[in-house]
Amino acid sequence: MDLKAVISETDLAALQGPEVLQPMPGVDGGFILTPETPDQVAQLLHLAQTHGSCLALDPDDARRLPKPVWLNLSRMRAVRKYRPADLTLTVETGISMGTLNELLMQDSLWFPLSYPDEMLLSDVLAEDTPALETGRCGYPRDYVLGLEIAAPDGQITKCGGEVVKNVTGYDLNKLYTGSHHTLGVITAATLKVNARPERRQQWILDVDHLPEALDLIRQLRDEGYPLVRCELVHRNRFRGRGMFASTSETAWVLLIEMAGYDPHLRQMAPQLKKRFAPYEKEKIRPQHDRQLLRFGEPGKPLPLAIEFAVPHGQVAHWAERLLQYFPVVEHRHGLQIRPLAGLLWLVWQPTDVPHPDIVDSAISRFSSELVQAGGHVQLAEFPPAYVKLAQRLNLPADPHLRRLTEAIRKRYDPAGVLFSRKLPMILPEGEHHDAAK
Amino acid sequence: MSEYDIRRLLPRLHAIVGKRYVLTRPEELAVYECDGCLLVKSPPEAVVLPRTTDEVAAIVRLCIEQGIPYTARGSGTGLSGGALPLEGGVLISLNRMDTILEIDTQNEIATVEVGVINGWLNQALQDTAYFYAPDPSSQSACTLGGNIAENAGGIHCIKYGVTTDHVLALEVVLPDGTVTWLGSRNRRSHGLNLVGLMVGSEGTLGIVTRAVVRIVPKPAEIRAYLAAFETVEDAGSTVSAIIASGLVPAALEFMDTFTVKAVNAAYNVGFPETSEAVLLIEIDGDGVEVPLAEKVLMGFLESNRACQIRSAETAEERQQLWAARKGAVAAYGRYLPAFYLHDTVIPRSELTAVLRQIQAIARKYDITVGNVFHAGDGNLHPNILFDPADPDMVERILKGGAEILKACLDAGGTLSGEHGIGIEKSEYMPLIFSEADLARMMAIKEVFDPRKLANPLKIFPVRKGCGETKMAVDHPLLASGGAWI
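Protein chains in written order, with the working numbering: chain A, 1 to 437; chain B, 438 to 922.
Keep in mind the hints are simulated off the structure, nothing from the lab. Just to be clear, a hint being listed does not mean it is correct.
[To be verified] Heads up, simulated DSBU-like pairs for lysine-lysine below, C-alpha to C-alpha not over 30 Å straight-line:
no. : chain 1 : residue 1 : chain 2 : residue 2
1   : B       : Lys655    : A       : Lys192
2   : A       : Lys192    : B       : Lys843
3   : A       : Lys158    : B       : Lys889
4   : B       : Lys889    : A       : Lys192
5   : A       : Lys273    : B       : Lys655
6   : B       : Lys836    : A       : Lys158
7   : B       : Lys655    : A       : Lys158
8   : A       : Lys81     : B       : Lys596
9   : A       : Lys158    : B       : Lys732
Values in this document were obtained by computation on a predicted structure and should not be read as measured data.
Model the full assembly from the supplied sequences, consistent with the hints where possible.
Structural data, given as structure tokens:
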């Protein structure tokens, strides 16, 4: 049933005005719900549950629904409690990461995982999105102390607390973070934040060969340099987009950031300058962060980004294996590697995305090899044709885990109100909440 | 009372693990009737000591078939009654599953069976450049499985994180008797984060049999200090200043005067007794970073009027300092035979105010409270000493304990930072969570364990009042033993 059809004027009045409901630009019959409070979110979810509707918190997910409804939390951005002395902050999750960091900057604090300024905390928590700093600083879930959740049954619940250490009951923070809002909508979060490092310094290096770059990173790490970011990018990753354009002919670009006490970094500077001299040809540009973290552009056709999580001491091995399976030139894709986190992404721009069958057979072979070694593969971003592959890859292959995952989802969202294409419901063929049906 | 007859099942248990590893004699079962939480006892009907995951799974399947509750247990050092077989049934002791299966320094992981003692892993890592960071004070005795079940912390968790931050993957015998692995050898989640859910679930969602844990590089340099303060306020301000500055010490521990005296008497370590509070602080890092951090730290100690600062000059001195800290609770035994312990966590900026409230509550009820705790995390451990043979004192410590707990919660705190809820704090859960909040957690239990046989009656409130606890307090076991915090 169309949610819009059942939201009466009375319902809207209860939700404090028509601002809550707007048409979704460029999507026939689609609309955006922009609640201002968690109560409104809960009411909307309950309405959807009552009337058998589906919602999505990501516009690209919403577009895939037969009746596109995008639940946009961006008006829900209140700062509820901020305790700089305790390094904790409770905010509604519609706050953008840029606004969050502006607030923290006033007290020389920061959320140590950086994301594009316009990205909402809600999105970061939904995906437990790895940041450029993840190898050193961890994942968003590591900073979640407590959560407030609006559930499809219309209730608002909480888990965790406001303190930095907590074993009071099941750790539902871990379950919700990374659940793509499929167990309930994360409406507020208490986060642990950090003091800003005194000094940060970045380098962009041009490297000819992958092993050379990985060896350099390993050496820096073993020697105890305070590496915060290490990102290794094949130039094909941003082909035709003007990034990392250089007179250099090298295949790889290595971005490095170190952070720490100012005197510490200053003391290291001369050694590093000497060490990096053979590679240093680029200047850092601020848009790099954003481009490295987002695989697609909002409102544009979706690229294909396949994420490989490997034991981080084996990055070199798996990068080489990947290049054997997917030779970069032949398939017109790029490889991006976050060595300290053991993460690798193969990325095809929207115009270059191959037919799913081509990728499917190669990925299936690669995936079973990687799973044997203790890693896993999932689709980080993908166009509609890749839905079936996502259903296979984005959930664990183990039938026991699939059963548990499905059972938890059914307990928390029995009517299947909350839709995410990246964490699809496991239902019998033909019953997926997906336009493909 | 249970409806099955455990005696009829013994031949089948013998067939699974061998007769030698099934204990049923009362004197054998008595060993397992409580853990480090001495408030309640409840003996199992049988103790089974499996050696393999398959044996654990077979025991669980037998329990399912017969409707027998089962509880997994490591070394029994837990402080919240998490390993207590409250409904009797079968207690599955995992101590024989004690093999370190793999140490992989290239990938910075270790794979262990859960009966491995926490300290053994660090002994095995001694000749490498790595260590396993979670270090509960019981690390010489507690198992990694117990640490995982309770999401144990420790002195160095302020910098390195608690157990959940170090667990990558778990082999689990699910409550339907199947065996599966959760997680992978990379921290990136894949689907719902069931590893994060399983850690700290106190054996109520399944029995963890193997774990892949992270090991971390040993710091090149470590320095430890003792700073004494004339007032709790000065010590509290120092903690707040350190935390707010972004300096992340490897350890930041608090001891009050009573504890300092107890420790001196027990271990002759010569900690300053005239001050009201002592902080034990450790910083680590590389050869450049540590002197810089030390300079920052000394600035805070001086500006907050530390009246005495001592540095542990050698590794031996440092070990002695931490041994005294870890042995603090045992040292209380010189004064009274038992203790009642809370494990609350409060916002760190509230430390001073809450400590003053604890002192006032102690005076009000005429009870002795020793404070030794993880100040850097705001994780308080008020140890209320008592004599179980004195009913009036027992009454007063229970009342005082409840008031201390309330003071911590009123300050924005929570019930437990590292000991878990078990049975000891389950009745307090509604003070923190609404019915709907708890229903979300209980839904998880129902998904994993619809038969409610896996470590029943833990975490969630089931009793109507504290009568059961009060009765248990009378048990002579209260007069024995100590605990680590």
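Structure-based check of all given hints:
{"no.": "1", "hint": "B:Lys655 - A:Lys192", "verdict": "holds (25 Å)"}
{"no.": "2", "hint": "A:Lys192 - B:Lys843", "verdict": "holds (24 Å)"}
{"no.": "3", "hint": "A:Lys158 - B:Lys889", "verdict": "holds (24 Å)"}
{"no.": "4", "hint": "B:Lys889 - A:Lys192", "verdict": "violated (35 Å)"}
{"no.": "5", "hint": "A:Lys273 - B:Lys655", "verdict": "holds (27 Å)"}
{"no.": "6", "hint": "B:Lys836 - A:Lys158", "verdict": "holds (29 Å)"}
{"no.": "7", "hint": "B:Lys655 - A:Lys158", "verdict": "violated (37 Å)"}
{"no.": "8", "hint": "A:Lys81 - B:Lys596", "verdict": "holds (24 Å)"}
{"no.": "9", "hint": "A:Lys158 - B:Lys732", "verdict": "violated (41 Å)"}
Violated hints, listed in ascending order, are 4, 7 and 9; each of the other numbered hints is respected by the structure.
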